[in-house]
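*Asks:* Here's the letter readout for the chains.
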Amino acid sequence: MKKIFTAVKMFGLLLCLIIFKPSAIAQTDIDGILMQKNFFCVGPTVSKSSWKNYWEGTYKRDNANLGTVSATTAAIMGNYGINDKLNVLFGLPYISTRANAGNLKGQKGLQDLSFWVKWVAKEKMIGKGNLKAILLGGYSNPVTNYYIDLMPTAIGLHSKTGSLRVMADYEMGDWFATISGTYMLRSNVTLDRNTYYTTEMHYTNEVKMPDASDVNFRIGYRSSTWIVEGIVDKFSTLGGFDITKNNMPFVSNNMDATKLALHVKYDTDFVNGLSFVADANTTIAGRNVGQSTSFGGGVFYIFDLSKKKKKEDTKDKH
Amino acid sequence: MKKIFAYIIVITVITVVSFNSCSKKIQEANADYPAINPTRNDANAGTWKPLLLASAGEFPCAAPIATSSPDYVLQLSEIKSFQNNITGGEQELVKYWGAGAVLRWNEIMRELVAKHNVPPYQNPDGTYPLPSANNPLAYPLFPFANPPYAARAYAYLSAAQYDACIACYYYKSLYNRAAPFTVDGTIQTLLPKSTLPSYPSEDAVVLGASEEILKLMFPGDQDFIDQKADEHKKARLIAGMNVRSDIDAGESLGRAIAAKFITRARGDRAGAAAGTQTQWTQFETDAMAKGEVPWYSQESPRRPPMLPLFSKVKTWLFDSLTMVTSIRPGPPPSTTSAQFKNETEEIYQIQKNLTREQKAIATFWSDGVGTYTPPGHWNYIAASEFVKLNFSEARWARNLALLNMSLMDAAVACWDTKFYYFNPRPMQMDTRIKTDIGLPNFPAYISGHSTFSGAASTVLGYIVPDKAQQFTDMANEASLSRMYGAIHFRSDCVVGLTTGNKVGSYAVSRGHTDGAE
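First to last, the sequence lines map onto chains C and G. For the first sequence, position 181 (counting from the first letter as 1) is numbered 181 according to my numbering, and the numbering increases by one without interruption. For the second sequence, position 158 (counting from the first letter as 1) is numbered 158 according to my numbering, and the numbering increases by one without interruption.
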């Protein structure tokens, strides 16, 4: 019963491991494209993820006392271009969870506010294509005192995270591939109880969270109007313990998830700066997480905040 | 420009990294308990009233060798050799065990309870397997250390430790052999010096009794228990507190006394507490015959009720007739009554409007799957107070025995009530009601948490009168927490508390007459 849901990042890819990684903003913390200077892209997203089966350690099972556990997320996300090579992004999701069987109450609330700084460190023509090396730094912080003692329905892990992501993006004509690796530092979290058992007894309300890593590969078509990409993402905690048989899940479990995802973005012709995104992902392997499948979509609008308001086509900024 | 931003990113990352690594260290509440250093050494504990022993000297303990004998000198050398080669890890062991034998073995049991407090997973056909003590490492692992099982385990541990201490102190006075640091001034003492004779060792008698009880209750964890016992013995030698013969004599005595408790445990009817399908059905038909809606398991697949015949287990503080006539409360509001309807609506409203603070209270006291259970929670509360009070080992054992006998008897009385009335849970009667904390799989009336808490707060208020009001407040909060969790009606909680208070008062009465006041 893992929390599988959380911060569904929409834009770019839900794919990401959403789950325990609240830091994910979407559109751009994980892709190789940037906003132009003084442009601000912002918009709402919604998504729904659900799972019926989950991995208890490596054992895959269902649970008639939970049925299907779902998380519905509404988020606001934004991306501002400080300049053409440096962007700042943010995201804030509201999440509501529910189990459709049994007697566990669903939880809901604002989850974690996340920020990313995205910087193109190097850009170079290689062959016929353009290679970009991008560095990102991220930080997320819970904005409410949401409940984490009962994992299957918790909306997040309530850990502050600091992330460093290294990314390479190669673009040739309208085709591209992006690969990135992320290291996530995760702060300790605090329970509502003063003792707990992991693989041993602890007399404290504080739980040490294992750090986590994420590897993301995406490949597809990218033009000024359409982005269509397929994505593979693997999230792993670096440590943590397995749920033992029929035991409760816990915030500091070892959680791994490998997901396949599809992301589509369409920049409209009829309103300058308006775009739509759609995402889908599914979990193909995991450990101590739900086997979630998620669908979502969003609408974004790009504002030109430059003082000298030239009315230019914002589309190829992106 | 680029460089500036690079620096910003690097600095940010370094800040986050350093912030993170520092804040990840956790100071646990039991790590720095002070070394045991009794205000009163309770040298007369050999005269206290035992629970099962016919007399303090029922089990023999041979006279010790003289401190002038060559063998004793060799034993002193063993201590010195340890002390000359002490490692950091060994110093940690000395500090850990120095906090007290009764305390640490109580913690070890809490840990094993938490490890084993997991309900078995169902069979493919929807039935549930029963753990077997004869095959503890096969799935389902033995035991399922649920609250009644745990209450009984804590009680046997504390009771055996208590009688073992009485025998130990009796022989200490009888033989009056000096401690190694008194015999030889060159022995260092890494812990406060005890003013008691050191033969037999009180630590060893507690560990001998504890090992046996723990292995009875957690037969799959023998290696873990052995390892703890070895560390404990070593810590006493390294600390210069005991020579090898103090330890050996104490451990043997403790084990022999534990055997008497194990015999009691094998005959206390707990082995039959799971019941049979016929018995489970009988509860249902009995409730229906009274015109009441019977309890049904809300789990899927439906799980048989948790240890329904725990009500028949042999108690410590009163007999079964007293339990039925003086302790079992009157019936809950009838499931067809207006009051029952109102109490159900009350729970629906509470859970619907639950505040974050109420949810935290429900969670704090929940003590559900994967925890040391409510009796374990009250042991932790007791230990947290006792460490401040500089009790002797014998007094630690006596106080925890009073507490844990009351908790086990509270479990028996509570289970007796639950299965006598077989009353449903709120969510069985109103499916709109959901819980934040998990629903226990047994009838509602009376609340187990309330019964445990009523008993524990009564006993602890007797032992630590200055804190009596705080213990009462805790018990009230623990009781209320079950309504916040939407798993109990108000009647379950109110009557559970008063029933627990009654059980606790039997332990207090015993305390008045056990010779330790």
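Some hints here could point you the wrong way.
[Stated by the list, open to error] Straight-line Cα separation of at most 25 angstroms, SDA-like style, residue types lysine to any residue; simulated pairs: (1) C:Lys208 - C:Asn188; (2) C:Lys52 - G:Asn123; (3) G:Lys25 - C:Asn188.
[Claimed, not checked] Just some of the chain C residues that point at chain G, by a computed CB distance under 10 angstroms: (4) Asn53; (5) Asn145; (6) His202; (7) Trp226.
[Stated by the list, open to error] Chain G is nowhere near these chain C residues, computed Cβ spacing over 12 angstroms in every case: (8) Asn63; (9) Gln107; (10) Val215; (11) Tyr266; (12) Gly297.
In case anyone wonders, no lab produced these hints; they're calculated from the structure. Just so it is clear, CB atoms sit at the ideal spot from N, CA and C, and this is done for glycine as well.
*Asks:* None of the hints should be skipped; say for each whether it holds.
*Replies:* Against the structure, the hints come out as follows:
For the suggested pair Lys208 of chain C and Asn188 of chain C, the alpha carbons sit about 5 angstroms apart, so the restraint of at most 25 angstroms is met. Only pairs whose Cα atoms come within 25 angstroms are accepted, and Lys52 of chain C paired with Asn123 of chain G is accepted, the gap being roughly 19 angstroms. The straight-line distance between the Cα atoms of Lys25 of chain G and Asn188 of chain C is roughly 9 angstroms, inside the 25 angstroms bound, and the hint therefore holds. Annotation: Asn53 of chain C was flagged as interfacial toward chain G, and the flag is violated, the nearest CB pair being 15 angstroms apart, outside 10 angstroms.
For Asn145 of chain C, the suggested interface contact is upheld, since its CB lies about 6 angstroms from the closest CB of chain G, less than 10 angstroms. At a threshold of 10 angstroms, the smallest CB-CB gap from His202 of chain C to chain G is about 6 angstroms, leaving the interface hint in force. Evaluation of the Trp226 of chain C hint against chain G yields a violated restraint, the C-beta minimum of about 31 angstroms exceeding 10 angstroms. With a minimum CB-CB distance of about 9 angstroms to chain G, Asn63 of chain C fails to clear the 12 angstroms threshold, and the non-interface call is violated.
A Cβ of chain G approaches the Cβ of Gln107 of chain C within 12 angstroms, the least distance being about 8 angstroms, so the stated non-interface status is violated. Taking the minimum C-beta to C-beta distance to chain G, about 19 angstroms, the non-interface status of Val215 of chain C holds against the 12 angstroms cut. Even its closest Cβ contact with chain G, about 31 angstroms, leaves Tyr266 of chain C beyond 12 angstroms, as expected for a residue assigned away from the interface. With 12 angstroms as the threshold on Cβ separation, the claim that Gly297 of chain C sits away from chain G holds: the shortest Cβ distance comes to roughly 30 angstroms.
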